Amino acid sequence: MNKDIILSVEDIDVYYGDFLAIHNVSMNVKAGTITSIIGANGAGKTTLLDTIMGLNKPRKGKIVFEGEDITGMRTSAIVRKGLSMAPEGSMVFEGMSVKENLLMGAYAPKSRKMRSELMEKVFLLFPVLKEKENQLATFLSGGQRQMLAIARTIMSNPKLIICDEISLGLAPVIINDIYDKVKEINETGITFLIIDQEVQRSIEHSDYSYVMVSGSIVLQGVASELPEDEVKDAFFGINKYA
Amino acid sequence: MQLLIQSIITGILLGGLYAAIGVGMSIIFGIMGLTNIAHGNLMILSAFFVLIFTTAMGVNLISSILIAIVLMVIIGFLFQKFLVNAVIDKGDTPALLVTFGLSIIIQNILEIIFGADARSIRSNFATVNVVDTEYFSISGAYLTNFIVAILVIAALTLIFNKTDIGRAIRATSDNTKAAELMGVHTKFIFAVAMAIAMVTACIAGFLVGNTFVFYPYSGTQYLIIAFGVVVIGGMGSIVGTLLGGMILGLAQLLGAYFFGTGNQILSGYIFMLIILTIKPDGLLSNKKRA
Ligand SMILES: Nc1ncnc2c1ncn2[C@@H]1O[C@H](COP(=O)(O)OP(=O)(O)O)[C@@H](O)[C@H]1O
Ligand SMILES: [Mg+2]
Numbered sequence: 001m002n003k004d005i006i007l008s009v010e011d012i013d014v015y016y017g018d019f020l021a022i023h024n025v026s027m028n029v030k031a032g033t034i035t036s037i038i039g040a041n042g043a044g045k046t047t048l049l050d051t052i053m054g055l056n057k058p059r060k061g062k063i064v065f066e067g068e069d070i071t072g073m074r075t076s077a078i079v080r081k082g083l084s085m086a087p088e089g090s091m092v093f094e095g096m097s098v099k100e101n102l103l104m105g106a107y108a109p110k111s112r113k114m115r116s117e118l119m120e121k122v123f124l125l126f127p128v129l130k131e132k133e134n135q136l137a138t139f140l141s142g143g144q145r146q147m148l149a150i151a152r153t154i155m156s157n158p159k160l161i162i163c164d165e166i167s168l169g170l171a172p173v174i175i176n177d178i179y180d181k182v183k184e185i186n187e188t189g190i191t192f193l194i195i196d197q198e199v200q201r202s203i204e205h206s207d208y209s210y211v212m213v214s215g216s217i218v219l220q221g222v223a224s225e226l227p228e229d230e231v232k233d234a235f236f237g238i239n240k241y242a
Numbered sequence: 243m244q245l246l247i248q249s250i251i252t253g254i255l256l257g258g259l260y261a262a263i264g265v266g267m268s269i270i271f272g273i274m275g276l277t278n279i280a281h282g283n284l285m286i287l288s289a290f291f292v293l294i295f296t297t298a299m300g301v302n303l304i305s306s307i308l309i310a311i312v313l314m315v316i317i318g319f320l321f322q323k324f325l326v327n328a329v330i331d332k333g334d335t336p337a338l339l340v341t342f343g344l345s346i347i348i349q350n351i352l353e354i355i356f357g358a359d360a361r362s363i364r365s366n367f368a369t370v371n372v373v374d375t376e377y378f379s380i381s382g383a384y385l386t387n388f389i390v391a392i393l394v395i396a397a398l399t400l401i402f403n404k405t406d407i408g409r410a411i412r413a414t415s416d417n418t419k420a421a422e423l424m425g426v427h428t429k430f431i432f433a434v435a436m437a438i439a440m441v442t443a444c445i446a447g448f449l450v451g452n453t454f455v456f457y458p459y460s461g462t463q464y465l466i467i468a469f470g471v472v473v474i475g476g477m478g479s480i481v482g483t484l485l486g487g488m489i490l491g492l493a494q495l496l497g498a499y500f501f502g503t504g505n506q507i508l509s510g511y512i513f514m515l516i517i518l519t520i521k522p523d524g525l526l527s528n529k530k531r532a
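Just so you know, the protein sequences line up as chains A and B, in that order.
Here the first sequence is numbered in my numbering, starting from 1 and rising by one per residue.
Here the second sequence is numbered in my numbering, starting from 243 and rising by one per residue.
In short, the hints are calculated from the structure, not lab data.
These numbers come from a predicted model, not from an experiment.
Please note that the accuracy of each hint is not assured.
[Stated by the list, open to error] Straight line, CA to CA, 25 Å or less: simulated BS3-like cross-link-like pairs of lysine-lysine:
(1) B:K404 to A:K57
(2) A:K121 to B:K332
(3) A:K183 to A:K99
(4) A:K60 to B:K332
(5) B:K419 to A:K57
(6) B:K323 to A:K113
(7) A:K81 to A:K113
(8) A:K181 to B:K429
(9) B:K429 to A:K110
(10) A:K81 to B:K419
(11) B:K419 to A:K62
(12) A:K113 to B:K404
(13) B:K323 to A:K130
(14) B:K404 to A:K110
(15) A:K110 to B:K332
(16) B:K419 to A:K113
(17) B:K521 to B:K429
(18) B:K419 to A:K99
(19) B:K521 to A:K57
(20) A:K99 to A:K30
(21) B:K323 to A:K159
(22) A:K57 to A:K99
(23) A:K121 to A:K132
(24) A:K99 to B:K404
(25) A:K99 to A:K62
(26) A:K81 to B:K332
(27) B:K419 to B:K404
(28) B:K429 to B:K332
(29) A:K60 to B:K419
(30) B:K404 to A:K132
(31) A:K121 to A:K159
[To be verified] Here chain A is said to cover these stretches of chain B; the calculated rule only asks that three of the stretch's residues, wherever they fall, bring their Cβ under 8 Å from a Cβ of chain A:
(32) 402–414
(33) 419–428
The C-beta atom is built at its ideal place from N, Cα and C for all residues, glycine as well.
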């Protein structure tokens with residue numbers, strides 16, 4: 001087992017009923033990196049992430065986090081191991097204040113004990129959340145919601161943060177802002193696994209990328225070395241892979 | 243004039259009882275999106291428990307209520323864990339049918355054991371007038387109902403807003419997937435919520451039994467009241483339940499005052515329909531349409 005690899009997905013199949021959503025997917029995430037998954041709508045990215053987080057159960061294959069098999073574990077147990085996800089659409093708790101959202105991030109017993117120091121860390125990173133501490137999350141802007149979603153993952157004191165559709169629906173300035181924060185957090189030693197609709201941006205901001213087409217990984221490599229036209233072909237489903 | 247004052251006061255006090263009746267149903271709906279058809283029957287089951295303990299077994303009233311609460315919590319937890327949780331992911335209808343089944347079972351078992359006779363818990367203080375002025379009077383039962391209802395609502399508000407488990411319940415209600423991602427075991431939270439709803443159902447059951455007579459099949463009548471309260475106040479809002487209860491109670495008593503006692507129940511529901519027309523989600527709904 002390579003100690004560099006913090007997360008490995010080995011040959012998983014995930015179904016929704018009879019529908020095979022992802023097939024034979026394998027991937028490795030190196031500790032300390034920002035790794036990205038690129039793929040068109042419906043490629044199976046969210047399915048893969050949800051499966052890593054234990055929200056879906058793979059019918060076949062294995063998911064290993066820090067050398068430990070976490071396949072089929074309950075999400076609450078997986079969170080306790082040090083994985084945390086900001087889901088697609090941020091999914092902040094609308095009817096709760098920003099502060100309460102953050103407290104929910106530190107719900108697991110281990111992080112609950114250190115939640116005041118985690119909260120300080122988060123407020124330092126995202127001063128705007130400190131300002132809006134007592135406001136209901138429902139009144140936040142899109143960018144602020146995404147920041148809250150990421151901040152909420154930090155509250156669980158994770159080793160790996162997963163962000164699904166990190167930039168969806170946000171203005172370019174805000175997206176840059178968010179990537180700056182990701183970089184800053186990454187530099188404190190937290191690994192990232194990120195999904196972004198924008199191929200170019202995704203590659204630009206990550207160390208290593210996987211390309212998914214209709215439920216399978218078709219291409220991977222050091223982000224800066226990926227052949228751009230092949231990624232685009234894959235993305236638009238120009239199908240030499242099918 | 244006296245009668246009007248009396249109607250208003252009785253309406254408000256009765257509204258407290260109605261809030262206690264509705265709050266458990268509101269919680270379950272708010273958190274699981276589940277309409278618990280058995281809510282009224284579970285209340286009446288609790289009233290029978292208290293009745294058995296106090297009359298047949300000679301246990302004092304407070305202890306009887308406490309034992310009944312423990313029993314109801316256990317029943318609620320098991321009901322949730324083994325029946326509702328098993329079907330809740332399969333859409334609304336199966337879970338609804340499970341609660342419907344439970345309501346029929348409770349009603350039939352009570353009828354087999356106790357027959358169709360009217361029962362009452364009627365503690366000593368229930369029937370005396372604790373306030374008695376020239377303009378109005380207040381019976382012990384109505385005053386108890388009101389005070390207990392306020393205490394229940396206050397306690398729930400405190401639990402939901404100030405404790406970790408309470409926040410987890412609200413988070414689960416707000417967005418189940420996100421709550422799961424925070425490490426909340428949401429199925430467990432469902433069971434905790436059901437247990438809390440059972441505590442309130444048990445208290446409401448006692449209050450009803452302490453105020454009125456009840457039968458094995460009285461559950462339906464209180465289910466309808468719970469519906470009214472929750473619909474007026476807004477599904478899932480605890481404070482809304484208190485408001486909904488009072489509005490329903492007042493609408494009934496004032497309806498009786500202005501249109502004759504025969505129209506008491508009817509006026510309550512006509513008022514409910516009016517509110518629904520103006521605010522379809524209820525006055526203080528915290529549910530956003532997904
Ligand atoms: N809950 C679900 N039930 C059934 N099919 C689903 C469900 N979620 C996603 N799918 C299907 O699985 C495929 C992959 O979806 P998804 O993982 O959301 O893709 P992506 O995140 O890459 O856009 C799509 O064809 C989608 O329609
Ligand atoms: Mg997706």
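> Is K60 of chain A close enough to K419 of chain B, meaning Cα to Cα at most 25 Å?
Replying inline: OK: K60 of chain A and K419 of chain B at ~23 Å, within 25 Å.
>> Need the status of pair K181 of chain A, K429 of chain B: alpha-carbon distance at most 25 Å?
In response: With Cα atoms ~34 Å apart, K181 of chain A and K429 of chain B exceed 25 Å; violated.
> Taking only the CA atoms, is the gap from K99 of chain A to K62 of chain A under or equal to 25 Å?
Replying inline: violated, 36 Å
>> K323 of chain B and K159 of chain A were given as a pair; does the straight-line alpha-carbon distance stay at or below 25 Å?
In response: violated, 33 Å
>> With the threshold set at 25 Å, check whether the alpha-carbon distance from K99 of chain A to K404 of chain B stays at or below it.
In response: Holds, at about 12 Å.
>> Check the hint pairing K419 of chain B with K62 of chain A against an upper bound of 25 Å on the C-alpha distance.
In response: holds, 22 Å
> Within a Cα-Cα threshold of 25 Å, do K419 of chain B and K99 of chain A meet the stated pairing?
Replying inline: holds, 19 Å
> Hey, K60 of chain A versus K332 of chain B, does the alpha-carbon distance stay inside 25 Å?
Replying inline: holds, 23 Å
> Taking 25 Å as the top limit, are the C-alpha atoms of K57 of chain A and K99 of chain A close enough?
Replying inline: It is violated: about 32 Å lies between the C-alpha atoms, which goes past 25 Å.
>> So if I understand the rule, the pair passes when the alpha-carbon distance is 25 Å or less; does K99 of chain A with K30 of chain A pass?
In response: Violated - the C-alpha atoms of K30 of chain A and K99 of chain A are around 32 Å apart, more than 25 Å.
> For the pair supplied as a hint, K404 of chain B and K57 of chain A, is the alpha-carbon distance within the 25 Å limit?
Replying inline: violated, 34 Å
>> Does K332 of chain B sit within 25 Å of K110 of chain A, going by the straight-line distance between their CA atoms?
In response: violated, 33 Å
The structure fails to meet hints 1, 2, 6, 8, 13, 15, 17, 19, 20, 21, 22, 25 and 26 from the earlier list, while all remaining hints are met.
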